[in-house]
Amino acid sequence: MMFNKRTSPYVTGKQDVSVIMRQVLYALVPGTLVLIWYFGWGMISNLLLAIVFAELLEWGMLTLRQRPVRPFLSDYSAVVTAWLLAVAMPAFAPWWLIALAMVFAVVIAKHLYGGLGYNPFNPAMIGYAAMLVSYPVQMTIWPAPLDFSFAHIGLGQAVQQVFAGGSQSWDALTAATPLDAVKVNLGLHKTLNEIYANGQFGLLAGQAWQWVSMGWLLGGLWLLWQRIISWHIPVALLGSLALMAGIFWMINPQVYASPLFHLFSGAAMLGAFFIATDPVSASTTPLGKLYYAGGIGAFTYIIRTWGGYPDAVAFSVIMLNMAVPLIDYYTQPRVYGTKRQQG
Amino acid sequence: MIQTLRKLWRNPGGLHLDYHKEISNTKPVVHVPLADELIIPLQQHTGYKPTLTVAVGDYVYKGQEIASHTGFMKVPVHASTSGTITAIEERPIAHPSGLSDLCVVLKPDGKDDWGNARLSPYPDYTQVDGETLRLRICAAGIVGMGGAVFPSAIKLNVHDNIPIETLVINGAECEPYITCDDMLMREQPEEILRGVQIMMHIINTQHALIGIEDNKPEAIAAMQAAVASLGERRIEIAAIPTLYPSGSEKQLIKILTGKEVPSGGRPAQVGIVCHNPATARAIYRAVVLGEPLIDRYLTVTGKGVAEPCNLEVPLGTPVQHLIEQAGGYTAAAKRLAMGGPMMGISLQSDQIPAVKATNCILVSDVAETEQQTALPCIRCGRCAESCPASLLPQQLYWYARSRDFDKAEQYHLFDCIECGCCAYVCPSHIKLVDYYRFAKAEIRSQREAKAKADLARERHEFHLERIERAKREKAEKLAKHKEQAKTNTDDGKKAAIQAALERAKAKKADAAAAQTANGETSA
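Heads up: the sequence lines are chains A and B, in that order.
When we follow the numbering used here, the leftmost residue of the first sequence carries the number 1, and every step to the right adds one.
When we follow the numbering used here, the leftmost residue of the second sequence carries the number 1, and every step to the right adds one.
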């Protein structure tokens, strides 16, 4: 009897890129549900638009690049990118803003660098950063989450807001995010106690935003438990952010916000579990992951506290993405039978 | 309960696999009846091909040498039974590239007659010196039976400057499906231990450690009982956690002793020698019974055979005959491999013979061999987590793919043991090990080409230098001549003339004097 030849190993595990990506999507659900709870259609429209644009662009780029469409479209990587961008952008974001963000993310950051696996930068963060720099006003007007008026905005008004530019009275309904509020008011020489007194703040951080962060944390812990991500990046990122915040908070708690405030504000949790952990653009050695994520946490604190932007996860991730090849080179594990690690 | 007091070390990486060992290790081992034709490849070991000592038409006895071992890295081959040599020709052998090699084809006469082909036994090995025993082990054709087939006698040739602290016996058998060492340890523990004692005598060590994965409780119990009944205090049985690839020599040494074999080095450099239990048994039989290595235990298993089992097989038996002994193929049979599912060699035909290296014949079904299309590497790092050598497979893949071989070597490509863990876990289904095999082969051939080029260059340079030197010498000679000629033209010449004149004068004077003398006498 004759057989076909193959090379070993003949058995493989059950892991698959699409399985991993799907699990990341499941883990995004709790935080996303909290966002929908506060912003209603505003967040649903973000998600739907982002996913539709991302898949269309992915399909277009794969076709242009003459790559097999089906295996790549079914790997869910574009959906993950779209989802991350959708939850990072203000609710009720206009359609063109989302479309443009997806062009930067999928076309420029991903496919022009060679597609899945070859992008040196995190696509979602490139899309986000490009929009933040280009359209700072649209990217920072978050609807005020607390009075729940946005959760009850009807579908019709939501569509009008997203596609037709919205009503004149919209500005009155927006509010600064907690990080923004702290930054602006500190600039006005108020103390943190005065700032916290305005009712927008809860036990940990912003009253609405702390729950969103809790949602990301929950999903992130599930990812850890499922072993989709390792502990290194979340722990190092949150750890270094908390450490930096803790040092300055102890020096002057009226000027520097507490570590807890930093951990549960802005994109710290989302970044620690979902963005910095993007395997393609992150460091891959165990030690390297610690340096990489520690750097992101530190830069996030520096920019939040002394920089020009209220939040800084996107910029910090992009900066450390640049350092990844160097970090990986100098943090190679000691190979069996060799004396010392290289570098 | 299996208890070991011994401290074990943790090796990084590794995988928990589906082992499927229970399908083949429940029945006792059966001795296979002779096939119609035995195909015995001459080269069944790492090294050089032995010299053929028989011709077509010869009658050979069981155990008779059919290829001899005079020379370095050569191991003899013996007839597995008595019969007639019907052909000596190229036949397909178990090789990753499906190559053919020179084989002796033996038609058994069914008598299984040893004649006087047995080697003289050494019933009491303690009275024999190590060197003689090593020669016997070589003459019996014994090689590493775990699959690497390195000549055992060479492995046992240790130098006095590094004393061997521990003899490690590798009973881990970590690959899925394979159970032949398991069965051997259950059925022949005493022969294994006697072989271990002989090896300890040869390498002069007082400590042997037998590492067995804890998914083989029967084997561990049998070996422990045999140690107790021999009253052997120098041999220790260590149950190690079941984790692929703990049966890789380097990894097992780390787990059992905490020592690491230096990169590119050998275990003896850290005072360890490592052998397989089947090798130990073969050594016992060669030394005490005088029987060369002509049969072995092997597993025939997988979803593609009807009755998976372990067989005692005369070497050279075609795979097809073994499959028949195991109830034949099932309808699911799709792939054939020699060895386990992680590192085995894929076979194209079942006419290939079982050899000294064959521990398993694995017939797989479709589900086990499905190959998904590879997606790009997403650098998830699962490969690095699973690598038992702490390599960075994603970087090696990157450099192998881009043919940046210098970089691949910097990332310790040659410390890769090709265990397949990285390819197993890869969510993009990349055949990672193939890339490493490719890169290693390219680097080796580049090295060979470079060595050849270096040699050619050296020769050429030497040639040029020789011409240069000849010219230089010629020129020097010429210069010397000229110099001499010059001195001749000046003072030298005058002096010569002067000397000649003086000589002539002296002659004249002599003649004159003689005349005077004559005149005086005549006067």
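Among the hints, a few may not be true.
[Said to hold, decoys possible] Straight-line C-alpha distance at most 27 Å; calculated DSSO-like pairs for lysine-lysine: (1) Lys407(B) / Lys471(B); (2) Lys334(B) / Lys5(A); (3) Lys440(B) / Lys5(A); (4) Lys407(B) / Lys14(A).
[As the list claims (entries may be wrong)] Covered stretches of chain A (in silico footprint by chain B; criterion: 3 or more residues with CB under 8 Å from a CB of chain B, positions within the stretch not fixed): (5) 87-99; (6) 240-251.
[Unchecked claim] Calculated from the model, a selection of chain A residues having no Cβ within reach of chain B, i.e. all distances over 12 Å: (7) Leu56; (8) Gly117; (9) Met214; (10) Ser230; (11) Met322; (12) Asp328; (13) Tyr329.
Calculated from the structure, these hints are not laboratory results.
Remember, predicted model here, so these are calculated numbers, not experimental data.
We treat Cβ as the ideally placed atom computed from N, Cα and C, and that holds for glycine.
*If any of the earlier hints don't hold here, list their numbers in rising order.*
1, 4, 5, 6, 8, 10, 12 and 13
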